[in-house]
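2 protein chains.
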Amino acid sequence: MAKNRDTKPLIKAQTLKGFRDYLSAPMQVREHLMEVARDVFRLYGFSPIETPALEYSEILLGKGGEETDKQLFRFKDQGGRDVALRFDLTVPLARFVAQHYNELVFPFKRYHIGTVWRAENPQRGRFREFMQCDFDVIGTRSKRADVETVLVIHDLFQALGFERFTIRVNHRKVLTGIIESLGLAVDPVPVLRSLDKLEKQGPEKVLAELVKRAELSKSQAEQMLDCVVGLSSLRGDNQKVLSRLREQLQSSSQGLEGLTWLEEIVGVAQAVGAEPRVQIDIAIARGLDYYTGTVYETILDELPEIGSVCSGGRYDNLAELYSRQELPGVGASLGLDRLVAAMAELELLKTQQTVSSVFIPCFSDDYYPAYVTLAKQLREKHFVVEVYPEAIRLGKQLRYAERRGFQIAVIAGDEEFHRDVWQVKDLVERSSSEVASENLVDCLETMKSP
Amino acid sequence: MAKNRDTKPLIKAQTLKGFRDYLSAPMQVREHLMEVARDVFRLYGFSPIETPALEYSEILLGKGGEETDKQLFRFKDQGGRDVALRFDLTVPLARFVAQHYNELVFPFKRYHIGTVWRAENPQRGRFREFMQCDFDVIGTRSKRADVETVLVIHDLFQALGFERFTIRVNHRKVLTGIIESLGLAVDPVPVLRSLDKLEKQGPEKVLAELVKRAELSKSQAEQMLDCVVGLSSLRGDNQKVLSRLREQLQSSSQGLEGLTWLEEIVGVAQAVGAEPRVQIDIAIARGLDYYTGTVYETILDELPEIGSVCSGGRYDNLAELYSRQELPGVGASLGLDRLVAAMAELELLKTQQTVSSVFIPCFSDDYYPAYVTLAKQLREKHFVVEVYPEAIRLGKQLRYAERRGFQIAVIAGDEEFHRDVWQVKDLVERSSSEVASENLVDCLETMKSP
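Those protein sequences? They're chains A and B, same order as listed.
Heads up, the first sequence is in the numbering used here, so the first residue is 1 and it goes up one at a time.
Heads up, the second sequence is in the numbering used here, so the first residue is 1 and it goes up one at a time.
Honestly, the hints are just simulated from the structure, not real lab data.
Possibly wrong hints are sitting among the right ones.
As the list claims (entries may be wrong) - To be clear about the criterion: a stretch of chain B counts as covered by chain A if any three or more of its residues have a C-beta under 8 Å from a C-beta of chain A, and this derived list gives those stretches:
1. 136 to 144
2. 395 to 406
Said to hold, decoys possible - Computed list of lysine to any residue pairs in SDA-like fashion (alpha-carbon distance at most 20 Å, straight line):
3. Lys76(B) - Ala119(A)
4. Lys381(A) - Val36(B)
5. Lys8(B) - Gln325(A)
6. Lys197(B) - Leu225(B)
7. Lys12(B) - His100(A)
8. Lys17(A) - Val116(A)
9. Lys12(A) - Gly79(B)
10. Lys205(B) - Arg286(B)
11. Lys218(A) - Leu207(A)
12. Lys212(A) - Val186(A)
13. Lys76(A) - Val116(B)
14. Lys381(B) - Ser437(B)
15. Lys76(A) - Asp82(B)
16. Lys76(B) - Gly80(A)
17. Lys63(A) - Leu10(B)
18. Lys396(A) - Arg286(B)
19. Lys240(B) - Gly267(B)
20. Lys448(B) - Asp426(B)
21. Lys70(A) - Phe75(B)
22. Lys12(A) - Tyr56(B)
23. Lys448(B) - Arg42(A)
24. Lys12(A) - Lys63(B)
Beta carbons: idealized from backbone N, C-alpha and C, even for Gly.
Can you make the complete structure from the sequences, with help from the hints?
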């Protein structure tokens with residue numbers, strides 16, 4: 001292309017620190033993930049909603065802790081309103097349910113795929129803008145809603161093509177029950193918060209933190225940690241974990257109550273053949289304080305180091321800051337961007353530079369209407385087709401097609417139109433053959449990649 | 001649900017002025033529209049991209065005119081950077097292409113569906129946050145890229161189920177040529193901007209504006225308007241319009257050049273059978289100054305009053321502010337939110353409160369695993385299935401199913417399981433029958449809505 005001769009200074013084309021563009025290839029992966037997720041959510045009767053990116057700051061402040069408040073993109077709008085960009089999809093859901101309470105049918109099952117913003121320090125793959133993909137059931141205390149959450153996660157990862165993944169489940173009351181059963185009279189919240197770091201930081205650091213943050217004596221902390229590590233090591237044998245917990249929690253009514261939830265999940269997972277992927281793991285606590293019941297994490301068995309790719313849990317009261325209605329619920333959130341990276345690493349994606357598959361070069365301007373007519377026929381058969389716009393050198397056109405990732409090229413000029421045939425070129429195998437016009441569509445159908 | 005007894009003051013659950021939530025029903029329509037659009041774009045070889053919601057303000061300022069600058073949601077971020085929310089997807093595309101020039105293959109065909117923000121006065125259906133859905137081809141001066149733009153619009157509306165729509169096309173050089181052929185030595189830009197209001201404001205107001213803004217004498221303005229109104233009245237007979245233009249533009253090389261573009265579009269549209277929906281309309285100019293070639297508008301024949309639902313055109317140089325590369329291109333933008341409203345009005349959508357279709361009440365807790373197992377089998381056949389989580393009164397569960405828009409309920413308790421049958425209830429027809437377990441899936445398949 002010609003260069004622009006104008007010499008006025010250019011504006012530097014750059015994205016903001018911590019922000020990024022998605023080029024076609026990764027964006028196609030992202031779209032694929034979102035489509036699969038939507039499909040699974042819909043099959044379970046979840047419906048989509050959308051909320052604004054901007055909210056009144058008072059809606060968002062103080063909901064995710066001090067850290068999140070500091071990370072808010074917050075400003076005054078033209079009308080002097082104190083506004084901010086949402087930092088997750090849960091707080092907007094709470095506001096949404098309170099605001100539209102009378103228009104909704106409960107249990108309310110919604111999914112929401114949307115962008116959120118956090119002014120984090122953009123280091124090591126942390127971005128300031130990312131996608132969340134949440135699903136929740138609001139307005140029921142039934143254990144079956146929790147069971148369903150686990151089944152949705154299960155079907156989701158199966159549909160995405162993962163063969164080896166593990167959904168780890170726990171119940172916060174089981175952990176509180178263990179504290180109780182050990183006779184430790186402490187606030188369970190900091191204990192749970194410390195235990196949540198077991199996998200990432202190891203037992204020694206957690207021990208130190210239990211003493212420092214949770215105000216346990218060293219021997220109490222050791223006792224607690226021993227019990228949790230011991231139970232966690234049984235991971236993979238749900239029945240054994242359940243029976244050990246039943247013994248341990250005899251004296252804790254809270255613990256026993258938590259246990260019935262895990263039993264329900266394991267029971268139903270077994271009934272539908274999902275159990276091999278569902279493991280009770282007593283070391284899972286989730287850092288977030290608002291979970292009050294079951295908690296979930298999902299680990300890719302081949303990439304455990306990237307951490308949980310789908311996490312969630314049950315909460316007692318979603319919208320207490322906005323409504324006098326008590327709204328218990330359960331849900332989980334899929335880490336889309338982390339999954340895009342994981343799928344690339346596990347080669348679960350056909351790397352394709354484009355969505356296209358049949359390329360029709362413009363061999364001669366005279367036949368352009370014929371090329372477009374063929375393209376139309378093929379698109380009706382759901383082929384992805386592109387006709388090159390200009391009759392430049394064929395080699396150049398085919399190079400373009402290869403760079404774009406097209407699989408097949410069909411070519412015709414004077415001679416071919418005269419004899420009513422097309423040259424069919426397999427751009428991957430680099431083979432070529434001549435096909436009669438009347439057989440072309442059938443021929444391409446057989447070449448179609450599955 | 002129980003009321004929350006806490007009496008601390010609530011935060012008012014409200015969206016910002018000019019912003020709105022999408023509840024499930026309209027959101028399903030929106031998702032449907034986006035899915036159809038993505039499908040059509042992909043079939044033509046367009047690939048998706050995404051850019052950040054926030055950009056450096058200098059990237060966005062001065063690109064859409066003074067009005068747009070005033071409407072920017074602009075602020076200083078935590079690092080003191082002057083940032084703003086994007087107000088369209090075209091300016092980010094320009095920045096994107098300049099920034100990633102060396103990674104892209106040209107002609108670069110991208111689509112982008114995303115949210116944009118403008119602090120407009122939120123009156124009469126104007127919102128401050130809305131979706132845009134753009135597709136463009138960058139880096140080619142070929143007329144065929146313009147032809148393809150028209151064909152994509154054509155296929156898009158057909159795929160959306162519209163039977164009666166018209167794509168109006170014009171070329172700015174044809175209008176400039178008319179000015180030239182009438183011997184009017186004026187700046188064509190304000191003339192075109194005035195003419196663009198012909199359909200909305202009528203000839204008298206346009207006449208006044210031509211005199212006031214475009215500095216034409218009254219008789220010159222009348223001459224210009226007569227010519228355009230005369231040619232526009234031939235709308236629907238492309239060949240007649242073309243031959244009249246050929247006469248009119250004899251003395252204007254610019255006008256004749258513009259004419260060849262319209263001839264190419266009409267010619268190919270005819271070849272692929274799209275011509276009945278494509279009309280040359282000499283009164284279409286598009287208000288935006290950056291269009292330099294073809295321009296498009298799309299009218300729903302049954303709802304012309306809502307204006308164009310898909311508009312676009314050709315521009316000479318997309319990224320001149322960021323790059324010395326000259327990047328000509330052509331594209332169009334689908335008005336998603338306007339279409340959601342139009343489709344509702346034309347009843348092109350089955351109004352469904354949910355995506356679900358088979359409801360399994362929890363008649364008895366004992367059989368919950370059996371319900372879930374049936375649900376799993378049906379989802380594998382791509383039924384949308386929901387199992388109610390609690391064994392509350394059947395009537396209440398069925399009322400929930402009806403409110404959610406389920407079509408079928410399948411019910412079984414002790415007696416049914418004993419006899420190995422299911423009660424199948426058509427919730428729409430309000431009929432009911434008993435079906436043997438082994439025939440259930442087949443029976444539901446035949447009831448499946450198409």
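Index of numbered hints that the structure contradicts, given in increasing order: Per hint list: single violation, 18.
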